[in-house]
Every structure is written in structure tokens, then in C-alpha cells.
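Taken in order, these protein sequences are the chains called A and B. Residue 1 is where the first sequence starts when you use the numbering used here, and the numbers rise one by one after that. Residue 1 is where the second sequence starts when you use the numbering used here, and the numbers rise one by one after that.
Keep in mind the hints are simulated off the structure, nothing from the lab. Using N, Cα and C, we set each Cβ at its ideal position, and we do this for glycine too. Errors might be hidden in some of the hints.
[To be verified] Computed list of lysine-lysine pairs in DSSO-like fashion (alpha-carbon distance at most 27 Å, straight line):
{"no.": "1", "chain 1": "A", "residue 1": "LYS63", "chain 2": "B", "residue 2": "LYS52"}
{"no.": "2", "chain 1": "B", "residue 1": "LYS52", "chain 2": "A", "residue 2": "LYS72"}
{"no.": "3", "chain 1": "A", "residue 1": "LYS144", "chain 2": "B", "residue 2": "LYS91"}
{"no.": "4", "chain 1": "A", "residue 1": "LYS144", "chain 2": "A", "residue 2": "LYS63"}
{"no.": "5", "chain 1": "A", "residue 1": "LYS72", "chain 2": "A", "residue 2": "LYS144"}
[To be verified] To spell it out: a stretch of chain A is covered by chain B in this simulated footprint if at least three of its residues, at any positions, have a beta carbon under 8 Å from a beta carbon of chain B; those stretches are:
{"no.": "6", "stretch": "26-39"}
{"no.": "7", "stretch": "52-64"}
{"no.": "8", "stretch": "127-133"}
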Amino acid sequence: MAEWFAPLRALFEYVAEFPSSIALRESLYVMPWIFVFHVISMCMFAGTILMMDLRLLGIGYMKTPFSQVQRKLFPWQMAAMLFSTATGLALVWGNPLNYVTNIIFWVKMLAMGIAGVNALAFHFITEYTLIDWDAGQTPPLGAKLAGAISIVLWGNVVIAGRLMPYALTWFRE
Amino acid sequence: MEQLAVDIAAWPVSRAINESSWIFALVQAFHLLSLAVLAGAVLMVDLRLLGKGFSNQPTATVARDARPWLLGSIVAMVLTGIPQFISLAPKEYESTYFRWKMLLLLVVLIYTFTIKRLVAYAPEGRFGGGVSAVVALVSIGLWASIAINGRLIGFFGV
């Protein structure tokens, strides 16, 4: 194990000793239901993000100006993100040692981070030109790129999320 | 029926899926990705019916725009659902959650292509806000309960 990783691992091991973490881990019904709510909120988040990305790519909801797609979906995206973050944190809190050495977990975290940067880059750069293409049928390259990158990254997040438990058998330490 | 489930699980293709360490996992992953697309397509229309969506367009326009993604994701869900079923057929068959999921799936498909379709594609203003909202909430509730039962199969059902 790389040296720089040791503090991170120590942190996860520290959390694992918390009574709340132990209680979550040992609960028969709480964890499965947190998983359920994580999946539901993920669907709401990824679903509304992906539909917006289709508009950015110029292949979906073309009768609606992008600004309206963005404005109407934003509150749902944020609410769903809060909910899936909260349930996701609870899942890690309850089983930190299952995640800290799980390569697929870190791939998912990295993809989420890059997706966040992509969204901010779009917001601070490409969106300034929005007035030129808002209702147009061919979004500019910058918008298409932002949409395509978002689909790839969030698709990666969803897939990695489902594959995570398999990492324990696929990649042994 | 029980014997049929056992027979299905004994098919070479079912056993291949079950014995592979990655086919089943990847199929599950793409099942979930298709679910996200499905949720998006369903929500675009349901949010519009709730008066929270793309309100500059008639609901019928939004529904037509969402349609390819709705149909495509339903097909993808079925195509990724079948391999999961055949590789675990006896266990799925016995699972209460799986049975509920299939029943609700049948209900939501009929509902989506009859009642919801009728309301979503009606001329603007034909149905009041109350009716539209109820139609949307039933749709969201049905799809969510299918997802919930689907997730629970893996925990308690098998």
C-alpha cells in the first residue's frame, strides 16, 4: 500500500470504530433501505442530468430552449444530489473498510469529481455564449462536449456504483 | 412453473452467465444505467404533468420528445433483465419481491401506454391540473416501487 494512502486508510479505519458505524453495519434492515433510497435518488439525479445532456448534445428535447431545460431541472437535480450524497455517505459510514481499498469506489469518486469540474467549466465558460444557441437546433462544440463528457462520466459513476461489491472478489489486495 | 424455472436455470446460457464472474455484474450495471435513462424520460413527462417541467411546451410535445428515450430504455431494461432472470430463475421465481416487481411492471406498462398516454397526448387543457397531477404521481409511484422491489430482490429475496 502506497505511503500517501496511509492517512486515508487510517481515517476510514477510525470511522469504522464509531458506535454509529458499528450499529449501521450490524443492522439487518437499515442498510438495505439506505441502498434502496440511494438507488432511487441516483435515478432521479442521473435521469434529470442525462436528459439535460441529450439537449446539450442536440439529440433530445430540441423543441425546448436549453435555458428552460436547465432552469426547470436544476432544483430536482440538486435535491436528488443532496439525497444521494447523504445516503451514499451513510453507506460508506456503515462499512468504511469495504470501500477504502476498493478500486472501483475510488474510480467512482474520481469520475464524480471530474463531472463536477465539467459542470462548472460549462457554467463559467460555455454558458456565456448561451444567448447565441439557446433555442437553436445545433448547440456549439463546447456545449456538445460538455454533454458528452457528462454522459460518459455519470454513466461511469452509475456503472461503478453497481460493480463496487464485485471488486472485493475481482481484485484482491 | 417451479420445474420450468429449474429447467431455465439449467440452460447452458444461464449457467454460463451464472458461472462467469463478470457477465452477470456487467449486465446488472447496464440494467441500472438503463434505469437512470428510463427515470429521466419518465420524469420529463411526469414533471410536466405536475406543472413543474418544460412549461413553455405542451405536454404532448414533451412526451413526444421523451418517447424514444422511454422506449429505448424499456427495451434495454428487458434485454438486461432477462439474463439476470434466467441465470437465477428458481430463486427469482420464489422471491416475493420479484413477483411484485413483475406484477407492477405489467401494471405500469399498461398504465403508461393507455391512461398516461391519453392524458399526456391530449390537447392542452383537456384535462385539469388535478387529473394531470394524479396521473403523474401514480406513474412516479409505480416506477419507484418497481425499482425498490428490484433492489430488494438482491437483499432479501434471493
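Status of each hint after checking the structure:
1. LYS63(A) - LYS52(B): The given pair, whose Cα atoms are some 17 Å apart, holds under the 27 Å limit.
2. LYS52(B) - LYS72(A): Answer holds: LYS52(B) to LYS72(A) is near 7 Å, not above 27 Å.
3. LYS144(A) - LYS91(B): 44 Å, violated
4. LYS144(A) - LYS63(A): 17 Å, holds
5. LYS72(A) - LYS144(A): 20 Å, holds
6. 26-39: Contact hint for the stretch 26-39 of chain A vs chain B: holds, 4 residues under 8 Å.
7. 52-64: holds (count 6)
8. 127-133: violated (count 0)
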